[in-house]
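Q: Residue numbers (our numbering), protein chains in the order written: chain A, 1 to 192; chain B, 1 to 200.
A few of these clues could be false.
[Claimed, not checked] Which residues of chain A face chain B? A few of them, derived with a C-beta cut under 7 Å, are: (1) T3; (2) V6; (3) L22; (4) G59; (5) L102.
Because the hints were derived from the structure by calculation, they are not lab data.
Remember, it's a predicted structure, so these values are computed and weren't measured experimentally.
Glycine included, each C-beta is placed from N, C-alpha and C at the ideal position.
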Amino acid sequence: MSTQSVYSRIIHRETTSPRATLAITLAIIIILLIAYAVAETILSLIGQPSLLASPADMGIALVNAPNYLAGVMIAVGILAVLLGLILMIAAVKPGRRPRHVLDADRVVVVVDDEVIGSALARHASYEGNIDPDNARVSVSRRRAVVRLTPASGTSIGVPAVDRVVTEQLERYGLRPTIRSKVVVDERGKVGA
Amino acid sequence: MTNTNRGLNRLFIFVVGLIVFILGLAAAALNLIPAILTGWENTAPTVLENINEAHASTRLAAGVSWITVGVIAVLIMLVLLLLVFIFRQGHGRTGRLIRDDRTDHGVTVIDSAVAEEALQSVLNGRPELVSAHVSTFDVKGAPTLKVSVTARRGVSPREIATTVESAVHALDAMLGREIPTYLHISGGFRARTSSATRLQ
Numbered sequence: 001m002s003t004q005s006v007y008s009r010i011i012h013r014e015t016t017s018p019r020a021t022l023a024i025t026l027a028i029i030i031i032l033l034i035a036y037a038v039a040e041t042i043l044s045l046i047g048q049p050s051l052l053a054s055p056a057d058m059g060i061a062l063v064n065a066p067n068y069l070a071g072v073m074i075a076v077g078i079l080a081v082l083l084g085l086i087l088m089i090a091a092v093k094p095g096r097r098p099r100h101v102l103d104a105d106r107v108v109v110v111v112d113d114e115v116i117g118s119a120l121a122r123h124a125s126y127e128g129n130i131d132p133d134n135a136r137v138s139v140s141r142r143r144a145v146v147r148l149t150p151a152s153g154t155s156i157g158v159p160a161v162d163r164v165v166t167e168q169l170e171r172y173g174l175r176p177t178i179r180s181k182v183v184v185d186e187r188g189k190v191g192a
Numbered sequence: 001m002t003n004t005n006r007g008l009n010r011l012f013i014f015v016v017g018l019i020v021f022i023l024g025l026a027a028a029a030l031n032l033i034p035a036i037l038t039g040w041e042n043t044a045p046t047v048l049e050n051i052n053e054a055h056a057s058t059r060l061a062a063g064v065s066w067i068t069v070g071v072i073a074v075l076i077m078l079v080l081l082l083l084v085f086i087f088r089q090g091h092g093r094t095g096r097l098i099r100d101d102r103t104d105h106g107v108t109v110i111d112s113a114v115a116e117e118a119l120q121s122v123l124n125g126r127p128e129l130v131s132a133h134v135s136t137f138d139v140k141g142a143p144t145l146k147v148s149v150t151a152r153r154g155v156s157p158r159e160i161a162t163t164v165e166s167a168v169h170a171l172d173a174m175l176g177r178e179i180p181t182y183l184h185i186s187g188g189f190r191a192r193t194s195s196a197t198r199l200q
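Excised from the complex, chain A in its bound form:
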């Protein structure tokens, strides 16, 4: 097995979600529902009082449901339609995680977008001469937006910050590539 095919499999599996949490949650809910159904059936078999309703009562209630539960059934039905749609969409979507691949020679590297953001924030705040807490970076798949809040009465050289951020992004060598944008808040903050 070539290393290349191992690496491409890892990259695919690590940048997309396995949907394990959703699948396990659904499976547990179904198991609980089945356990309840089995419990009711066995209770009615051995002639014990039911937990909520015996299977026979449930059958009768289901047949007559439209007579006295119309409003509830419509509401629950619409909710179920929406829930079903959401689940089907979640199953079909690619399920990308907020991560980027970083080019490297020997190892295959995947970085959380959060790490890229905090590194850009540190470099931007250093260049803009402000506290790192006043630089906020949001990283999406192809874009990074750097927002800086200047100290009142001072100005921030946007071209310089922009150059530093772009240079950093080039050094990281991310896939897919990220374009950056630097925004400076109109209003400064005392002591920023």
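Starting from the structure of chain A, add chain B where the hints point.
A: Chain B alone, transformed into the frame defined by chain A:
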């Protein structure tokens, strides 16, 4: 890195979604469309009667219908299948890094723990990392090292990649061959609450 069957997860979520969707649609349509309601009122009682009759005509010695027994058996099987499905998630770790039987004198086996501990002891001392953890997974039959590190706030991911690559190069030299290696750099809660990096 794990060998979770992702296609199966998707299929399972989709099928559950489809069932919920159809039941919801049926419940709403039954009360909104008069024609369907009439149809339900005409057939549902008969269906229930038939089910009750089927139960009555299939009673076993103990007075229990074998349909009931069968339904319970099918439900329990379904629960077992779902449990298998849950516990199949997230496997694929391996304890064997290298098995070399090309020599005339015998077999060389190297456990994953050798590489894991070697890398971890190098990385745990690094100031730019909050934590480092190394594990070994089987990817398409090839033992593959997974290095997960939590970066301190503000550290450049390029620097971390360079640090880890040099550690892996040292490991290559020690083992005499290159083990496929995956590095995951995460931020996460511990990075946010730990102190920020000093200027480098």
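Q: I'd like to know which numbered hints this structure contradicts. Please list them from smallest to largest.
A: The structure breaks none of the hints.
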